[in-house]
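Asks: Sequence:
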Amino acid sequence: MCKFAQQYLSGRHLRLKLLASGFFLALAACSEVPSAFGPTPDSAKKNADELFSALTHRFTNVSRSPKYEYAREKIGRFALTPSMIYNDTSLWTIRAADGTKILYGEASFKNGMYQFSNVPPSAARSGSGTTTISLTGPLNLLADGRHVMKLKELRKDEYEWFTQVDFAVGSLGPNDIKRIANAWLESAEGRTGSQLRTDYPKTFPKTTEALGMLFSLDTIISVRDAQGANTIYLQTRFKPNGIRSAFPKYADYIDKYVMRINMRFTLLDSRDAVWFDASMKEGLLTMRARSKDGHFVPLKGEIRSIPDTLNLRVDMTAKVKLFTIGVKKLYGQWINVHTPKETGWDMRFTKEPEWQLPLAVKSLIKTPLKRPFSGDGTRFRIGIKEGTNNQNLLSRQASTVVQESGILRFLGKLGGDAMGDFIADVEKEENRFNATVFRALKEDIGSALKAK
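Number 211 in this note's numbering belongs to position 144 of the sequence shown; there are no gaps in the numbering.
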């Protein structure tokens, strides 16, 4: 089930959540935020230009080699039943000595196209007998990507997945991410919701127009309390009809799947104080945060510094076809990663949640749905890492173990159907929409910095 959540949400739906986050950024932002992209005006301009150029490239005229496309489609369909693909010799790039199967992919922006291929790295085809590949080697050009997926059979019907994706974003580094987050929070402090509503289109006019095709602002409230902290409350709504004329298949897909997701995401500390709360219900996105001097503080109570480790609670349901599936009280650790070489977030889940499943399959919940949470559990990590050759990396990792069963075959079929609906025409439209948004962010931030 945890692999199903990754399969269903962390790829294409993660991109939607990133765009929604971009909308929240624009809503609360003023002219101070673009300056935070670097310690100097010149570095801020360079960092922002490279970051949003890379993201624009990533979604421009995307193409994949036939073998890579085949592997991607098969893994998407059989992520929860990996025995169906483990011995498919046409899918994997490398077979390691311990039996681990590896799909290696490279991506780059060439001739106006973002091209994926699964050419094995030179070390793997050198004839020296080695079957190792580097997950940390340099990416040399802006928007270069490296995708590594490993599948290992642990025992009969039990498989371990590991994925790492690195993407070159230029000179934007770990310290810049901290500065941007602080500036975003501080930009709302001491300003009313009406002021923010008036100001964000001035700083981000093209981004507001682009994102405004898919999102509408319902509510924005910003209030300073007696302790000098500021609470911001934002609500924005998906409106698929706004993109239907330009992106009709993408709009239909959002109607069919995204609008049926209900989710709540809460960060708490060991005292059960809430530090951040976000939710989505029937296309309405809500976020609450409280800050002082550009730093998160608890939503209620005394002002204090955020711990490095928080508790994460996720409640989620999704409707696929006639079935509603989900989890309640999915608890994990949320670790704020901040080192000189990396800024990001590490999520670890080692406790089985409560399941919401159709009555017909509830009787199948036994060991197979407990397995992803035993041992090291399921992990997801994302952040900006220091790279080489003037290319820092937007990096994400995910790992989990699945134990095949009837219920996982059922869930895998639903996830595979959702992916089947997405690839081809829907994905092409989503890519074009994403490229439009990231291009607008690049132009708006460049204009704001030039005006200074």
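No lab work stands behind these hints, which were simulated from the structure alone. Treat each hint with caution, since some may be false.
[To be verified] Computed cross-link-like contacts, BS3-like style, restricted to lysine-lysine with a CA-CA straight-line distance of at most 25 Å:
| no. | residue 1 | residue 2 |
| --- | --- | --- |
| 1 | 245 | 452 |
| 2 | 141 | 396 |
| 3 | 386 | 367 |
| 4 | 386 | 323 |
| 5 | 273 | 418 |
| 6 | 113 | 323 |
| 7 | 386 | 408 |
| 8 | 395 | 480 |
| 9 | 396 | 112 |
[Unchecked claim] Derived CB-CB ranges, DEER-like:
| no. | residue 1 | residue 2 | range |
| --- | --- | --- | --- |
| 10 | 288 | 224 | 19 to 29 Å |
| 11 | 360 | 484 | 25 to 35 Å |
| 12 | 180 | 378 | 41 to 51 Å |
| 13 | 294 | 441 | 41 to 51 Å |
| 14 | 514 | 156 | 47 to 57 Å |
Just so it is clear, CB atoms sit at the ideal spot from N, CA and C, and this is done for glycine as well.
Asks: A separate judgement is required for each hint: does it hold in the structure or not?
Replies: Checked hints:
no.: 1; hint: 245 x 452; result: holds (13 Å)
no.: 2; hint: 141 x 396; result: violated (31 Å)
no.: 3; hint: 386 x 367; result: violated (34 Å)
no.: 4; hint: 386 x 323; result: holds (9 Å)
no.: 5; hint: 273 x 418; result: violated (44 Å)
no.: 6; hint: 113 x 323; result: violated (39 Å)
no.: 7; hint: 386 x 408; result: violated (40 Å)
no.: 8; hint: 395 x 480; result: holds (22 Å)
no.: 9; hint: 396 x 112; result: violated (42 Å)
no.: 10; hint: 288 x 224: 19 to 29 Å; result: violated (51 Å)
no.: 11; hint: 360 x 484: 25 to 35 Å; result: violated (48 Å)
no.: 12; hint: 180 x 378: 41 to 51 Å; result: holds (44 Å)
no.: 13; hint: 294 x 441: 41 to 51 Å; result: holds (43 Å)
no.: 14; hint: 514 x 156: 47 to 57 Å; result: holds (52 Å)
Violated hints for the displayed structure, listed by number in ascending order: 2, 3, 5, 6, 7, 9, 10 and 11.
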